[in-house]
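This is what each chain is made of:
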Amino acid sequence: MGGYNPMRRTLTTLVTGALLAAGPAMADLTIVDTSYRTGPYAANGIPFSDGYQDYFTLLNERDGGIGGEKINIIECETGYNTEKGVECYESTKNEDPLVYEPLSTGITYQLIPKATADEIPLHTLGYGRTSAKNGEVFKWVFNYPANYWDGASVAIKHILDQEGGDLNGKKIALVYHNSAYGKEPIRTLEKLGEKHGYELMLLPVDHPGQEQKSQWLQVRRERPDYVIMWGWGVMNQVAIQEAVNIRYPMDHFIGIWWSGSENDVLPAGEGADGYKALTFHNLGDDYPLYDDLRKFVVDGGKAAGAGDQLGTALYNRGMYAAMLAAEAIKTAQEMAGTSAINAAQMRDGMENLKITEEKMAELGLPNFGPEFEVTCSNHGGEGYAAVAQWDAAAKEWSLITDYMQSDQDVIAPLIEEDSTAFAQESGIEPHCD
Amino acid sequence: MIYREAGEFKTSYVDDGQTFPIRFDRLGYYVTLAVAFLVIPFMVNDYWVNAIFLPFLIYAIAAIGLNILVGYCGQVSLGTGGFMAVGAYSVYKLMTAFPDINIFFHVIIAGAITAAVGVLFGLPSLRIKGFYLAVATLAAQFFLVWLFNRVPWFYNYSASGQISAPERTVFGIPVTGAETQPWAVYLFCLVFLVGSALIARNLTRGSTGRRWMAIRDMDIAAEIIGVNPLTAKLTAFAASSFFVGVAGALFFAVYLGAVEVGEAFGISKSFLVLFMIIIGGLGSIFGSFAGAAFLVLLPVALKVVGADMFGWPTDTVAHLQLVIVGALIVTFLVLEPHGLAQLWRVTKEKLRLWPFPH
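Line order of the protein sequences matches chains U and Z.
Numbering follows the numbering used here, in which position 266 of the first sequence is assigned residue number 266; successive positions increment by one, without gaps.
Numbering follows the numbering used here, in which position 16 of the second sequence is assigned residue number 1016; successive positions increment by one, without gaps.
If you're looking for bench data, these hints aren't it; they were derived computationally from the structure.
Where is the CB? At the ideal position from N, CA and C, for every residue including glycine.
Every clue listed holds true.
Capping the alpha-carbon separation at 30 angstroms, the derived lysine-lysine pairs in DSS-like fashion look like this:
#, chain 1, residue 1, chain 2, residue 2
1, Z, K1093, U, K191
2, U, K157, U, K354
3, U, K170, U, K191
4, U, K139, Z, K1093
5, U, K295, U, K395
6, U, K359, U, K139
Restraint ranges, calculated between C-beta atoms of paired labels, are given here:
#, chain 1, residue 1, chain 2, residue 2, range
7, U, K213, Z, A1097, 35 to 41 angstroms
8, U, E163, Z, M1309, 56 to 62 angstroms
9, U, Q210, Z, I1329, 20 to 26 angstroms
10, Z, I1329, U, E199, 45 to 51 angstroms
11, U, D391, Z, L1320, 36 to 42 angstroms
12, Z, D1015, U, Q210, 55 to 61 angstroms
So the derived list for chain U, only partly shown, Cβ under 10 angstroms to chain Z, looks like this:
#, residue
13, R37
14, T38
15, G79
16, Y80
17, T82
18, I112
19, K114
20, D118
21, S179
22, I186
23, H207
24, S426
Let the sequences and hints guide you as you build the complete structure.
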């Protein structure tokens, strides 16, 4: 921590305070939260954004920022709409943001070329373009700790465990949001189908997903052995309700991690009991960090939004995303020897990020997520995920499996293929420096 | 006092028939063009271009297109989003299939393809009118979006189902892709907008436009005086779809760069463009500009004032925007059905007499 200077910190605090009083804060470390608190995806956008902001607020309140530099969060409403997302990006990129977390696969696809040209890192935690895992091609994009293809593979692994390792002749349906997001797992599921001998049935649901009668009628008629869901926003609630209506066995219904929040299962009431969803981090609020969050953020009235989302699955995920960003900032500060890092130094920090159990325990999040390490050639982590199950009586999620690694034999060649195609298309020479 | 026609004597039919017969208007028009071509390109940055100018220029083209159909020919259409999608996917297929041809021509061909599709979906207009036609075009909207989502050939079998624009240049300067300069994309779209506006203005002033307006005002009477409804309606669909297609092509290739059909060209896009011409003014080229400018600037202005200046929560600002747009549409429909263009016309009438109204 070479550049740390208490005098400077006091000055920064003073200046920040003065500026806070005068207008928008101009701190040294700017983070943009492209959130969506309106529209059909708000139910999922709000908890994530609250968690993301609250963690940074906690660092500001408790530690005075990171390495003595306060964090300035700029929130920009996208409504999960790509045009607004682009507008948010353009209007905030001159504030020297360190990283963007768009929380939308559509917006991510828009921002990958823009952010690469502007040299601002993108972190797409468990969403976005899967082949961005190949850091030799996607220098500025990171999607650790797990991606969609990992999710698809882990879901199939879980089904394999349930079926005693044999899926021959089984039928698996994929109910997906008919967009870039929902289409991501199809290729992986097809490849895995060739390997394990199951039959894949595709059921697209159009934006925003309130109308799913025909899809579930098809499920009812074809009786697939398992249903996997790639849903988001209001689509999740509707799908789970429809599954309950046709009395589909809920423990054979597995959602991706974006289809596994409390908001998705609560409307279906008792019927949703046993519904499963993947996750790449732990759930609940039984962590020492939560004591600090309550003490410094919630009790101080500084919580983002209504402050009522603590401990929900997506709040935890937003907090996890912020924690990974904060750890990357720390890594970057160590590497650069200064606290006031810029976007390029942030990228180096993200590329050298190492998450260990000791580090997580020290932060107050023991047993919260798997360990992983980012390298230049691997921007996507190790691809570990677990399965959580909903208990409708207790109204809580609990992990029912250990973290499982995805089938790298199938996924690695797919990533290689897709990223190479992108590199050729955009004239990128894959390299590590 | 300044704005008047007194003292201007036209000595030829050409003078008398020009677009801006009043000298002051003409001057204003030349000054606007000069500022748009010679001043703004030197001043814009990424934010101004991407948040304000590009959406304005592109939506203005789309609004001109829809105004020809709805405002001039009286055929209500809710298929604008679908036709923009045709333009976008056409230009994508052309860009990837013929990379050596200049993007400028691809955009024009994409407009022509959309015109053909528009004529096809315009055929029912010969039999059905009003609300029923609106429903038929609504079917076009849903069918086209479904088609582009369903048939992988349209998105070149990409895994995500998205289309993304590769880099293409005009005179060696990139206008699509990530490495574009703000002034380059601005000028590229501006050229299309000025071209579209000139063509549309002259089409509507000529015999074609008069036929459209005759059909709009009373189709049976128009038929009796010798207007062929088949050609009049179908040319309106063709011209309208051409401009909408050009707008869709620019929207995808230049503005967004990557597009997902359901989200970018959904039904909400159709309504947005329809609101633009309702607020701007039906049957007016100026109205298309005014409406596009209004609906592009309003959210940005609200965001700057609400979220950035007053620090209101971002969701409140987003909700407020819906309320304000809704209220404005109702207000305009009640108080000024001819939109901003009519306000402008009234202002001009007043100005002619000012300061001695009697």
